[in-house]
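As you go down the protein sequences, you meet chains A and B in turn.
Counted from 1, the first sequence has number 470 at position 462 by the working numbering; the numbering is strictly sequential.
Counted from 1, the second sequence has number 464 at position 360 by the working numbering; the numbering is strictly sequential.
Be aware that a few hints might be false.
Stated by the list, open to error - Per label pair, the in silico range of CB-to-CB distance: (1) A:Gly-367 x B:Thr-276: 21 to 31 Å; (2) B:Phe-287 x A:Glu-52: 50 to 60 Å; (3) B:Asp-218 x A:Asn-241: 46 to 56 Å; (4) B:Gly-284 x A:Gly-367: 15 to 25 Å; (5) B:Asn-382 x A:Arg-396: 49 to 59 Å; (6) B:Asp-362 x A:Asp-389: 42 to 52 Å; (7) B:Asn-466 x A:Asn-305: 47 to 57 Å; (8) A:Asn-449 x B:Asn-382: 56 to 66 Å.
Claimed, not checked - Okay, the calculated bits of chain B under chain A, using three or more residues with CB under 8 Å as the criterion: (9) 190-204; (10) 232-245; (11) 273-282; (12) 296-305; (13) 347-355; (14) 399-407.
Unchecked claim - Just a sample of chain B residues kept apart from chain A, beta carbon distances all over 10 Å, derived: (15) Gly-121; (16) Met-219; (17) Asn-338; (18) Asp-367; (19) Arg-380; (20) Val-444.
Honestly, the hints are just simulated from the structure, not real lab data.
All C-beta atoms in this analysis are idealised placements derived from N, C-alpha and C, irrespective of residue type, glycine included.
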Amino acid sequence: MASQDIALMAHLMRRAGFGATREELETRAAAGYEATVEELLNPESQPAIDRYELVRYHPWTWRPGTIQGMGSAEWLYFMTNTKRPLEEKMALFWHQVFATGVSKVDHYDEITRMVALFREKGMGNYKELLLDIARNPAMIYWLDNFENHADAVNENWGRELLELFSMGVGTYTEVDVREASRAFTGWTFEPKLPRGPIGRHDWNFAYLPEDHDDGEKTFLGETGNFNGDDIINIICDHPATATFIARHLYNFFVADEAQVPAWQVIPPKDEAAIELLADAFIDSGSDLKAVLRVLFNSDFFKNARYARLKSPAEVVVGTLRLVGGFDFPAPGLGEMARQPTYMGQDLLNPPSVEGWHTGVEWINSGSLMRRINFTADMVSDVTRPGIRSMIDRMQAQGDLTPDTMVDSCLDLMGPLEVDGETRTELITHAAGGGNLTWGTNADVDASEQRISEMLQLIVSLRDYQYA
Amino acid sequence: MTATKKDPVLVVLQLTGGNDYMNTVIPHADPLYREKRPVVGVADDRIIKLNDRIGLHPEVGPLKRFWDSGDMAIIHGVGYANSPRSHFRSMDIWHTCEPDKLGTEGWLGRATRDMDPNKDNVITAVNFGPSLPRALALPGVPVACVDDLDNFGMLTSIQEEMQRDKIIDRFTRLYSPTIGSGFVMDYLGQTGLDGLKAADILKVAPEQYSSTIEYPDTPIARKLKGISQVHQANLGTRVFYTDHGSFDSHSNQIGMHDGLWRDVSAAVGSFFDDLRENDSSDDVILLMFSEFGRRVHDNGSGTDHGAAGLVFVMGDRVQGGEYGEFPSTRPEDLEQGDLVPGTDFRGVYSSILENWMGLDANSIVGGAFEKPAFV
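Kindly produce the complete structure, drawing on both the sequences and the hints.
What follows is the structure in structure tokens.
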């Protein structure tokens, strides 16, 4: 297998998924790049996660309701074990865009239902997804559309729909915000009974015609007795939406961009790439699968190796998939699900409707420590199947000099690219113990310990923070 | 370590989400308050009156003792022209002092640089919370970002001490600057090294701390307690930052706003009690701000995004009282239904920077602004 094929496949799987073991990369590289992209784009060809098996061992992951901190365990289990990695990655993408949090909604079941919607329609048609989001009870509660009445307009949903979910600041006026909000009056959910002793009731979308402002509205230059779906149609046909979604996808899958509020003043890193993706969005009638196909097969994607910093979810899930042993719903799942929170990404509970600040803003002294401590702890466990397999591969190569040991470790951890000085430092460290040998049981134990230590150093590298 | 003269310290508590100015400091004598706030208006007999014009929300009431003792400044109508009414843009403006163009450098990052230009102390600025606010962001300026003071340490998975020392030594070399590696790599390197040093310094804070004050068990109280622990350890921290929220009360404002201020008031009360008990309060001022106030007319359940907001500054050395005037609520004086700011937020910052921290404010906030004399 050409090492370049493995490196490219590793790149695809880090971005379109959460990384993969060397065994998986070899299988996929043998199948080919484009074939792998197609498989990822068509997740129904692979089995879905058996949610019932998880519930058998972790009953509290089933409808955690209003129990603080319990909501993301199921999702973490899905991300770690899915055979449909792009499906989960797109759910994470949309969760970042349509950022909705339990801090206010106080109802994990409904936010989890929103994630299930992302899973189901995240690679479908954007217009359909946006309409479903507008009717999603968690979103209606999160952005107060249930308090948006014909005689008392509440602008929260109308504003964020334009500012954060479709077009971006600077492409509409305050009047458009008002008129869009009027069009969504009467879009609510029921029942709205208060939280009871065993959690909240299930919420369902409800449209109340008597609470809808049916008067004439002028929105983005068009006039009519618009209802919410008319607004969504106008938005989705607007070129600003194609560009906005293209830029979101670029930021998430290709390379770190400026933060969303800066997009009106800071041009994209790669204008041609955004244009290509926006064209695909328009030409396909907002079909997300078509846009993603263009993205993953493009040169700008293939050349963007290690051009973005991993999100905490990517750090945690990527590490768990690499070291392995988390496929059985074993104890400790709750603690694993809290790890991204410690690093600054509390899943199902974004800091605000703007979602998380990404890229370099993930990193501060505290969050960097958490990343390093978690990954070092995970890779230090030589009983994990993923680490075991790396050791076996190295043992199969026979005795290793310090530089071949370092190169093998870097290769199996990525392949991870580091500069010459970093490699030299690692080799100097490895040289302190001489060659890796496997002659006696004591040699094997010592070699395993040294590999474990080298892997801990590698995951501590700055380079390892990139995806 | 006892300093003969204590350096002034600033604690910032950011009220994220747009705190409703008009329902925090209430213009109770204004007939328009009742008229415009049929739903979220606070009943007159529940308002904690400060004088014949303004009063505190009942859940802010516990802070009245600071007003009574002259340790609380209320700064009215703070903001800037042409509020975008977007949380994110507005918060960026407050953080960077750049209302017209997009800024990335924070005002407290610049203040930290000016106080410690040679980066002698990596914990001159400490943030309590999982992510670094832009107010503190400035390339090259270290900020310790502490989520949990008890779990702040690097590569804690390696237990054996000699081996750990070796690894940490290697880590330090690997994180050292290399030429031409780019901004993000440099930032990661510096952050890693600063974090390593900060962890070493900060570990003494919880060990040395002792106090009889029991804080409430709330997130904001835990953060303020952490700040108190680090401050009392005399480690040279000059800027502390933390936040609480979300104050975005578009709907069901009554219960929501009550709960938020109940937690904030109790935590701030415990914080000052703790500092005072331990003779550590006279070098501290606390700034509380939010990215904007909310619309004058309620929407039948809550209030939408507005413009002018409220700033509290508290502390033993603060000149208590009102600064500026409550903006006019008359319909013809409003801008898109919102209160018009009468005090520029950069003036508030300037008072703190010059009169309290002893720094040159102009270069930090980008110009000269009228400075309310609360300190």
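Going down the list of hints, with the structure as the test:
1. A C-beta distance of roughly 25 Å is found between Gly-367 of chain A and Thr-276 of chain B, which places it inside the suggested range of 21 to 31 Å.
2. Range check, Phe-287 of chain B to Glu-52 of chain A: about 42 Å between beta-carbon atoms, so the 50 to 60 Å window is missed.
3. Range check, Asp-218 of chain B to Asn-241 of chain A: about 53 Å between beta-carbon atoms, so the 46 to 56 Å window is met.
4. Between Gly-284 of chain B and Gly-367 of chain A the Cβ separation comes to about 20 Å, which falls inside the hinted range of 15 to 25 Å.
5. The hint said 49 to 59 Å for the Cβ distance between Asn-382 of chain B and Arg-396 of chain A, and at roughly 53 Å that hint holds.
6. Between Asp-362 of chain B and Asp-389 of chain A the beta carbon distance is about 48 Å. The supplied range of 42 to 52 Å therefore holds.
7. For the hinted restraint 47 to 57 Å between Asn-466 of chain B and Asn-305 of chain A, the CB-CB distance of approximately 53 Å keeps it satisfied.
8. Here the CB-CB span from Asn-449 of chain A to Asn-382 of chain B is close to 58 Å, well matched to the stated 56 to 66 Å.
9. Residues of the region 190-204 of chain B with a Cβ under 8 Å from some Cβ of chain A number 5, which satisfies the need for three, so the listed coverage holds.
10. Check on the region 232-245 of chain B: 3 of its residues sit with their Cβ under 8 Å from a Cβ of chain A, so the three-residue criterion for coverage holds.
11. Look at the region 273-282 of chain B against chain A: 6 of its residues bring a Cβ nearer than 8 Å to a Cβ of that chain, three or more, so the hint holds.
12. Residues of the region 296-305 of chain B with a Cβ under 8 Å from some Cβ of chain A number 5, which satisfies the need for three, so the listed coverage holds.
13. Remark: the region 347-355 of chain B is confirmed as covered by chain A, as 4 of its residues place a Cβ nearer than 8 Å to a Cβ of that chain, reaching the required three.
14. Residues of the region 399-407 of chain B lying with their CB closer than 8 Å to a CB of chain A number 4, which satisfies the three-residue condition for coverage.
15. The claim that Gly-121 of chain B lies off the interface is violated: its Cβ sits roughly 7 Å from the closest Cβ of chain A, which falls inside the 10 Å cut-off.
16. For Met-219 of chain B, the shortest C-beta to C-beta distance to chain A comes to about 18 Å, beyond the 10 Å cut-off, and the non-interface label holds.
17. No beta-carbon of chain A comes within 10 Å of the beta-carbon of Asn-338 of chain B; the shortest separation is about 21 Å.
18. The beta carbon of Asp-367 of chain B sits about 13 Å from the closest Cβ of chain A, which is more than 10 Å, so the claim that it is off the interface holds.
19. No Cβ of chain A approaches the Cβ of Arg-380 of chain B within 10 Å, the least distance being about 29 Å, so the stated non-interface status holds.
20. Residue-level check passed: Val-444 of chain B sits 16 Å from the nearest beta carbon of chain A, beyond 10 Å.
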